[in-house]
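Asker: One line per chain: the protein sequences are A and B, in this order.
All residue numbers for the first sequence refer to numbering that gives the first Met the number 0, where the first residue is 0 and numbers rise by one.
All residue numbers for the second sequence refer to numbering that gives the first Met the number 0, where the first residue is 0 and numbers rise by one.
You may find that some hints are simply not true.
Claimed, not checked - Pairs of lysine to aspartate or glutamate residues, derived as DMTMM-like cross-links and limited to a Cα-Cα distance of at most 20 Å, are as follows: (1) A/K256 - B/D155; (2) A/K146 - A/D129; (3) A/K278 - B/D155.
Simulated from the structure, these hints should not be mistaken for lab results.
Here is how the chains run, residue by residue.
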Amino acid sequence: MQNQKNGLSRRNFLKVMAMASAPLVLAACAAPAGAPASGTQGGAASQAPVELRFVAMDYDSRMQPDTQAVMDAFNKSQTASTVKLEVVGWPDGRNLLLTQISGGQAPDIFNGSGQWCLEFTSAKETAPLDDLMGKEFLDNFWESGIKAMTVDGKLYGMPYFLDPRGLYYRTDLFTEKGLKAPETWADVREAAKAISNPPDIYGFGVGPDDYWWYAWIGAIGAGNDLAPWTQDGHSRIASEEGIAAVQFLTDIVLTDKTSQPSPQNANRDSDLQPLFLGKKMAMLETGSWMPTIISHDAPDMQYDLAQLPVAKADMKHPNVFWPDAVMMANQSKQKEQAADLLKFMFNAENRLQFALQRGVIPERIDVGKDPKYVDPNDPLTKYKEFYVKELATAHNVFQTPWPATGSEDQTSVTNALAHIWLGEMSVADALTAAAKEIDTRHKLT
Amino acid sequence: MLARPGFLHRLREEWAENQLAYWLLVPSILGFAIFLVFPIANMIVTAFSDVDIMAHPTHFGTFQNFIDLAHDERMPMIIRQTCLYAFGTVLIEVIIAFPLALILNTHFPGRSLAKALLLIPWAMPYAVSAITWKWIFHGQMGSLNYLLSEVGIIKDYVVWLGNPGTAFAAAMFVEVWSSVAFMAITFLAGLQGIPPHIYDAAKMDGAGAWQEFRDMTVPQMRNVFMIVTLLSIIWAFRSFAVIWILTKGDPIFRTDIAATYLYKLAFEFRHFGQGFALSVCLFVVLTLFSVIYTRLLGAQEGA
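Just chain B, same shape as in the assembly (with noise of 0.2 Å):
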């Protein structure tokens, strides 16, 4: 029996094998360092650190932006409006992409339109239809007020975007708009990835079509949805730019999620310190969210 070789003999084979094409990956591997690596490894010093208002960290090794963080009146309500926001519009783009899959998953004719048509807002910039919703929105100016007292649906104009119910409400529907589009193709790309032969032995066996969408769609579509959800959900708690251009987060902080908070301590208030601490709180927060919905993901995949 050949005793197997050791790490670094293993090493050494394998640069001694492989050296030019490791010292060709250095450029890329140096790119990872810096673009990646780097910005977080500055966000967690400088969370840690005393910061001037020039964002220069001046001494290192300090709890005292968390606990300032901790001590904010405003965290809770932020916190909560972040939460609202994140879960909140993913489950609406959950309820109106899934049943919009199925339907463009049916054979009809105009199919290929509608598509297109659905890709539309999705292929839009954000911060465009940001803008472009603001001025719908607006109070005075804004088509919607003007289609909605045109029909007789309301007498005065509502300034949608200064109430904090309808501002917030506002910003769920533009972050909606935007994304559901991509999550409904998704959807129908796992719909045309199911094979079509399970239905017809589901049809053989006398199954009806709720049955159909029960014990076949649903199960083939989990790790779709799992994937699906879970992204739409981190890119929503780092959601800034529909906020940031329909509200700036106003009134009274009301409409601001942690993304658009941390901007503002750090870039209104000059609180650099409490805006990398808060940065640094949502980046574990996300990975531990993306950890633990992958083990269960797994979980499920085993069961």
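So here's chain A without its partners, still in its complex pose (with noise of 0.2 Å):
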């Protein structure tokens, strides 16, 4: 009895929920925000301009403004379409872009790394953009750039963002200790040691990932073959000159004890580059980008740029570069006015913008000579002459064929040093395991 009279009988259940669910009702029957009315659909539609979608990766704080001016101007320049930036955050635009992919909704263009241009493009889902972008359009970029955006000979991606890389190194207390400008792996060893003193100042940014390639690329020297795969498709990281760059850098992390701790978990953006930039490191190899950094974060800073060092005097000097590509989703609709705005993102104007905002290396050849890129009266222009001649040798890390199982690879080599800098394994053991477990999982054992 005093259930009945105080409990909820279904009736009345049923009649909270259903008004409970009255107002989803009214919502779903109503229209969009910003939908058109539907007596107004019919004849503007087919004078509408054609919507096209960028999703731009974030490469800094200026990204989004500095982008958005440039879609702004496109908009402008025409009425065939208007174009929507959405800028993501890197670390998850490479998922962002898969989800929208898998689920029929791509971008009809995205940026993003090299390696996403060969993984999308290894499931046809970036367009070939040879014909749309034409030949004459396409003579204007530096023949590497377009290689490296190149599968099976055809253009996938238009070259983004070029990073050929260098060592950074503090003149002042170079000059305090009388030393020279390293060369070598010895130089460099010789220098971190003279100047290393923990924890006020560091002597050498070591690091996973980009760090193990330019070891890598400085035991081989320029000129020879510097990828890690042999002809048949096995790993090299286990070979002569493999286990001689961790060496190298093992000993800089564990004999000489002159980088910032805990190498094996350090990212070049958020701890070696402001460890550098603090002025608690001596020396660091990064990228292109580094002068214009510096010049707005530490403006007082006496520093210099070298090649990158080799283990021997009498090698030439490699570097090595992570192209980024804009490419177009295969699932574009709209392919022509998609090209248009691609011609347009990369005129010469707007790359000159990108290459002095961003302080990267400019892929388009006029740019590269342009007087307003390599200004007499910037203090920045010799670092830019700098690379774009490192541009001519620099090894394309994303150099096909390269394997579906890329990221995978490149985490058994970071576990590698892993294993080694946190004194588990030796650097022959723990590279002789990395390869196996890579050829194993490239189905070669």
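Bring the two chains, given one by one in their own frames, into a single complex with the hints.
Answerer: Written out as structure tokens, the structure is:
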């Protein structure tokens, strides 16, 4: 009786639930915000400009406004299409694109790493650009950039960001200790030992990923095969050169103790560059964007730039780059208009602005020679010229054939370095195990 | 004696009586199906399919993803770490939260302020807490090292997030820090729900403080304790943000737990099938755990 009086009967429960659901029904029936009224849809649709979507990865805090300005200029320059820009962070970008592409909602164009270009191309999710862009237009670009985005003779991405690397060193500290600019690994170790005084100053920045590549190419030298794979696809990381490269890094970390602590999880952008900018590091290998960052964040720093160091003095200095690309989704239903947007984005004026804003090396030959880019009065011009020169011999990390397991293979190398630097394995054992793991993954054992 | 109407008859009556209400419930049921049933069904179907690198299932009806997962050399370590993380953090939370709730249940000056302060870590989004602690733990620029070296506890800076042991402990610490307030406040609510007269009666019987705690408080708190620990263990098993932001599972997968590892499998290594298979395993384990736990709870209540 008590229950009947106070409890909610099924009928009343249904009434309450139905009343709660009613707003949902109304909301579902309502037109979405911004949707045109049904009576005005017909005739206007045929004349409406095509809407394009550009999903852009965020390089820095200015990426959104700078890119939006280019998009606004494009929208004003013609009436056939309008472009909507969506800027997303790098860490989530690949997964966001993957989700959108998998769900049939790919943006018309998007930028990303050269590795993504190869991955998406292998899944036939990128559109070939040769015909859409035209040979005459593409002749304006450095061949190394175009080649980096070419798979089986077809271009699948416009090179967006060429980033050869260099060794930055503090000239004030080097002069104080009477040291010359480092050229070889021995020079680096000697200078790091002379300068290092932790935790006030660390001699040389070491990390996984990029830093393994610098040592790897330094062990081999320019003009030789810098690919980490043999012709038949086996991993070369445990070769004589591979062991020498990691031994060099390990000597700095464990023997000399002149690197910053915990190199196994050091991140270039969030750990190493801030240490260099905070004047707590004497030498750091990083990219062409660094002089621009230094000019903003540490304008009084005394530094210079040298080529990446090599194992022996008689070797030619190699370089390496991780190209980024702007790709067109194969799903795009408006490829002609998307190609027009790409041509606009990649005209000389916009690429000059991009190179100046980001401090990156232009992929257009004419921009690299533009007096506004290599302004003799600009103190950063010497660094720009250095990198443009380096680009000629830089090795493309994503050189094809790039394995589908590329990320996992790089993780094997990173984990081998962690085992070594945590003192759990020797250099040879860790690299041999990692090479075996990679070959097994490639079904080569 | 009247015969009981048949099921179909009752259904027809029900429908005739409440037709409008059922129609109005359709959107909610559809929402439930789309946002809950569909993702779970999709996860299960994909786990039993061949999946390409763009996450498209290409062929349904295979156990290969589960076989690959079983052959994954890292799995035993991931399972160990997941269990240590989930049960370890909840155990520590209970050890801290219960005494804290007992203290807050007494009357002392500033009690309201203490309760408000306690809620701050819980009110903070996990991501914000994790980012804040990541900077505190930073090896070169973190305030923890600075503080410890200033007071002379350490000589050389410790890279808290760079070594497997300290990194895992740091992740557990942040998880506990973020979650302990919820547990303490829930315990406090449970303590405040205990009728005061039973303590009065116990006092009249000559019970001491320890006997009151053991024979009155603990049995009265059993249900609250069971529910809170069950929820906390499930949350800890599913935990992602703290570890991902602090360490991304590094170094060498030594701070990975199931949730972070399945993300790596799917989105970093593009083994989507294995990632979904691990999701299914986690889903099954947590469902079984919940069922067994609630059955045990029911059995104890009945006893």
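Asker: Would you mind marking each hint as holding or not holding in the structure?
Answerer: Here is what the structure says about each hint:
1. A/K256 - B/D155: Status holds; Cα separation ~13 Å.
2. A/K146 - A/D129: Status holds; Cα separation ~12 Å.
3. A/K278 - B/D155: Since the Cα atoms of A/K278 and B/D155 sit roughly 19 Å apart, the hinted pair holds (cutoff 20 Å).
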